[in-house]
Amino acid sequence: MTIRFALLGAGRIGKTHAHAIASNPHAKLAAVYDPFIDSAEAISMQYGSQIMEIDEIAASPDIDVVAICTPTQTHADLIEQFARAGKVIFCEKPIDLSLDRVRQCLKTVEETNAKLMMGFNRRFDPHFKSVHASIQAGQVGDVQQVVITSRDPDLPPMDYISNSGGIFRDMAIHDFDVARWLLGEEVDSVFATGSVLVDKEVGERGDFDTAMIILRTKSGRQAHINNSRRAVYGYDQRIEVLGSKGMVRAHNPRPITSEVANAAGYTSQPLHDFFMTRYVEAYAAEIEMLIGAMVDNAPITPTGHDGMMALAMAEAAMISTKEGRLVNISEVL
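The working numbering numbers the first residue of the sequence shown as 1 and each following residue consecutively.
Hints were generated in silico from the structure; no laboratory data involved.
Careful: at least some of the hints might be erroneous.
Unchecked claim - In the BS3-like style, the derived pairs of lysine-lysine whose C-alpha atoms are separated by at most 30 Å in a straight line are:
no.	residue 1	residue 2
1	Lys245	Lys107
2	Lys200	Lys129
3	Lys28	Lys15
4	Lys129	Lys15
Sequences and hints are given; from them, build the entire structure.
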């Protein structure tokens, strides 16, 4: 059985998903859409995909799954359109920057009985999955603390900063999802602080480039997330979980694992440049999971609800930073 995908959006993340889809023996990248025709043509030529308009994709009986990798402000409308068209939907985070709009969109998904998978790829990273598996197997006992380090190698373009929705909705939203996944409980409260320590223009654009967040569940489990838009040493992605019986952690994997040791000390190879190479296996695994769920008619995760909860945590973090206080999730949901 071959699952036929249509890709909406041929930018950086679209190219990443195009590669993951085309690399899967049970998938075919059948169609691509992008308002910039040169971008669509590049994907089309590379993978033998047909260039189609959005309405054509919705109406085509030959398209099984639509992968939405367009700008955030288009996500909710596209999810609704393809839910009504009976397509399986894969959507990059977030569904929208407004929780009200997200709720409205998810109501349509529920009413149409559509299948929606959110692009929280880090759940599928083999290193992070191993951490989660250790928790599930009881190897560290009851989870008490989760520590997540997530730092980009450099600032994105300033135009991106202006339209991203801010560091909590754009960058930390992945970490909010991972925290929920590892804590095993819903987050009850959020305390966050944001600073501009890398480039003052980030602040002039209304955002932060450095942030720390504390999450707490109702039972008292804690998570600490630290984010930076610039880590000069590379793409820094680490997790540590402390439990009643011990600790499990995932270090940064490196493209090259060789290490030199001499009188000057130990020298390791550089970290990955960015998410496109760091999470190659994760992007492939999430597509594999989606295809497997379709074949077996099994539940698809992460769900739209997961997307909504991560956005709610981002909203709470924004309020917390602005007002300098702990914010209960119930205040934003």
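Hint check against the structure, violated hint numbers in rising order: 1 and 2
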